[in-house]
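Visitor: Each chain, written out:
2 protein chains.
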Amino acid sequence: MVTFSFTVTHRDGGARRGVLTTPHGVVDTPVFMPVGTQGTVKGMTPRDLEDVGAAIILGNTYHLSLRPGDERIARHGGLHAFMGWSRPLLTDSGGYQVFSLASRRTVDEQGVRFRSHLDGSPHELTPERAVDIQARLGSDIAMVLDECPALPATEAALAASVALTARWAARSRARFLELRAGAVSGVTVTNHGQAQFGIVQGGTSPDLRARSVEHTLAIGFEGYAIGGLSVGEPIDQMYAVVQETAGRLPAASPRYLMGAGTPEDLVECVARGIDMFDCVLPTRNARNGQLFTSLGRLNIKNAKYAEDESPVDPACRCYTCTHHSRAYLRHLYQAGEMTAGALNTLHNLTFYLDTMQRIREAIQLGTFEHFRQEFVRSVSRLSLDS
Amino acid sequence: MVTFSFTVTHRDGGARRGVLTTPHGVVDTPVFMPVGTQGTVKGMTPRDLEDVGAAIILGNTYHLSLRPGDERIARHGGLHAFMGWSRPLLTDSGGYQVFSLASRRTVDEQGVRFRSHLDGSPHELTPERAVDIQARLGSDIAMVLDECPALPATEAALAASVALTARWAARSRARFLELRAGAVSGVTVTNHGQAQFGIVQGGTSPDLRARSVEHTLAIGFEGYAIGGLSVGEPIDQMYAVVQETAGRLPAASPRYLMGAGTPEDLVECVARGIDMFDCVLPTRNARNGQLFTSLGRLNIKNAKYAEDESPVDPACRCYTCTHHSRAYLRHLYQAGEMTAGALNTLHNLTFYLDTMQRIREAIQLGTFEHFRQEFVRSVSRLSLDS
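Protein chains in written order, with the numbering used here: chain W, 1 to 386; chain L, 1001 to 1386.
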């Protein structure tokens, strides 16, 4: 059994470069994890993902537990074997999706009851069940179940939520350690080297964030995530919370900012000490025709690209940019061809992953602050369409 | 400029193995051409097509002339450059799609007027315009415009249709030769080595087929297609017409059976002297979950595959079969993931193209009749689902 470990190899200001070792291989950080909700990154085969340089991807516990079911995946040997992905995998706890997708949710001390968005069937997700599901999926990194309160909420409601999340985190860790010790029957563990990350909540309140960090560190996990951000709060507030919270987390542990973000968010949050990211933005926007480039964003639907023989991004090494023109991609999009989604996704993921590679190199060279300023100046929310 | 040529290298009964030389490379025959209607084989990138072994693909004149437009594609350097496909391409004349997709069609001596299925805009397709469009697309093989009469039709109506098709074929050839001679201004020719095939019509009437062959040979083309079959007639009747018609076509020219067919059709029509095939069956059925295998067909939606860890076809070399289980493919299909369409298409095209490869090898070895009997016995319309 490979033990999970994390080593920071270089520092540059608040940014760190490091190496995450997992049972399915090594991941250089800071890293971006493409989202593979239902056992596939939409439109990508595993070889496509390897081609664009994905070192670790994310699977969604909520979706996979409903369909095809975590027990079925366990019988297949776990999610790696089921989807044919041999590199590291992280699974979320299902909490975020229960709170955003399922209907008729009721939360109490025990957990959350809800109805499936697929067929309305009733389900319950508890901290223990989220651990068990992820043990069956066999991801390399499992996340604890946290409560995601509806916003806006009163300070008192947020405080209660943070407290509940802390009690759930303790139960999650207890269950995880019982499973690791082989003390639970009836749960097939498909990856005995799985690590578990805790999640810091607390909205945009510095006090609640500090309290949540304290709770989470007191339990102790292999890594720490910052949840509940990138949900519509002002960007400066998000960066401030990331800075404040990351600064309270142990330097020796990986720090994962959940659900973020734009290319600028990646750079700005690396600057604030984040090591891991996931977001649907590059993949979802690709399917909607929005492409990220080294010169800004472009929407391939725009009529100005109808005769444009240049690649999406002349600076990009991806298959799409080295083989196809903007005009062709616009045509595929307009014609509703699924190849459009695949080619656009190949590009956006390459842009994200190459950006992370450039970030890692800059940190190693001690030029990250220069890189950051250049990047934000050239990429920052510019549109090439007008 | 590479001259188009065709050489039969081996014969085995009625079957022939040969080599087609085109401006974009050499194609071993008998060959199956995947259909890339709108400038892409749905869900496949050019590298996917190369990976499955596609030597030549088909593009649709009707669709491409409406969107993105043949003049736009010509400005891009032709369809090869536009779609990033460097191997040979065949384009149809647009006739079949006008008769099956467009609305408010009126046919007269001049050509066919119709309204676009995209936006209802009025268009006219004449034999000359079909030649011009394909000159702009720059395919390696262009097809003449033929009339596709609505069936059932009286013998008199079919005879009139065959006669009209013959007059259109003569006009098509004249226009093609004028373009080749550089005698037409206003048409950008993007492939100066393009060949043109005539089409034999005549439904299931041996007399009309014989007459149509006579007309078409009298004009003279680089190759000859058999059109108007695989449209619902009994299979034995289709095979009989293919046998009869192929026997009347010159031995030294390539013979193309348009729009067919099932794996059994390929084998049975190779036995009757056909060299080239195209059909949407492997790609369309893949997207609908129907997979062709060496043991018969299977529908991946079937609940019996939910826990099936075996590959779609244990005998298949494709990426899908060497990396994924039936259970995973069923999950992707049930979840509506576009990756399902891509992986299923990779498999079905590989099955079709590998079948053609086995056919070519058997012809070369003189064992085609044995191969045919074994193939039809093992594959023929069997379903693995029940």
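Honestly, the hints are just simulated from the structure, not real lab data.
We put the beta carbon where it would ideally sit given N, CA and C, even for glycine.
Mixed in with the good hints there might be a few duds.
[Claimed, not checked] Examples of chain L residues lying across from chain W (beta carbon under 10 angstroms, computed): (1) Val1035; (2) Gln1038; (3) His1063; (4) Ile1073; (5) Phe1082; (6) Met1083; (7) Asn1302; (8) Lys1304; (9) His1324; (10) Leu1343.
[To be verified] Okay, derived cross-link-like pairs now, DMTMM-like style, lysine to aspartate or glutamate, Cα gap no bigger than 25 angstroms in a straight line: (11) Lys1304/L - Asp385/W; (12) Lys301/W - Asp385/W; (13) Lys1304/L - Glu71/W.
Visitor: Does each hint fit the structure? Answer for all of them.
Guide: Hint by hint, here is what the structure shows:
Contact between Val1035/L and chain W, as hinted, is not supported at the beta carbon level, the nearest pair being about 13 angstroms apart and thus beyond 10 angstroms. Because the closest C-beta pair between Gln1038/L and chain W is about 5 angstroms apart, less than 10 angstroms, the hint holds. This hint holds: His1063/L has a C-beta 8 angstroms from the nearest C-beta of chain W, less than the 10 angstroms allowed. Here the hint on Ile1073/L is kept, as its CB sits about 9 angstroms from the closest CB of chain W, short of 10 angstroms.
Taken as an interface hint, Phe1082/L checks out: its beta carbon lies about 6 angstroms from the nearest beta carbon of chain W, inside 10 angstroms. For Met1083/L, the suggested interface contact is upheld, since its CB lies about 6 angstroms from the closest CB of chain W, less than 10 angstroms. Given hint, Asn1302/L at the interface with chain W, is violated; its Cβ is 14 angstroms from that chain's nearest Cβ, farther than 10 angstroms. The beta carbon of Lys1304/L is not positioned within 10 angstroms of any beta carbon in chain W (closest approach about 14 angstroms), and the interface hint is therefore violated.
Checking His1324/L against chain W: minimum C-beta separation of about 5 angstroms stays under 10 angstroms; hint holds. Proximity of Leu1343/L to chain W holds as hinted, the smallest CB-CB distance being about 7 angstroms (cut-off 10 angstroms). Restraint check for Lys1304/L and Asp385/W: the C-alpha separation of about 49 angstroms exceeds 25 angstroms, so the hint is violated. Only pairs whose Cα atoms come within 25 angstroms are accepted, and Lys301/W paired with Asp385/W is accepted, the gap being roughly 9 angstroms.
Note on Lys1304/L and Glu71/W: the hinted pairing holds, with a Cα-Cα distance of about 17 angstroms set against a maximum of 25 angstroms.
Checked against the numbered hints above, the structure violates hints 1, 7, 8 and 11; every other hint is satisfied.
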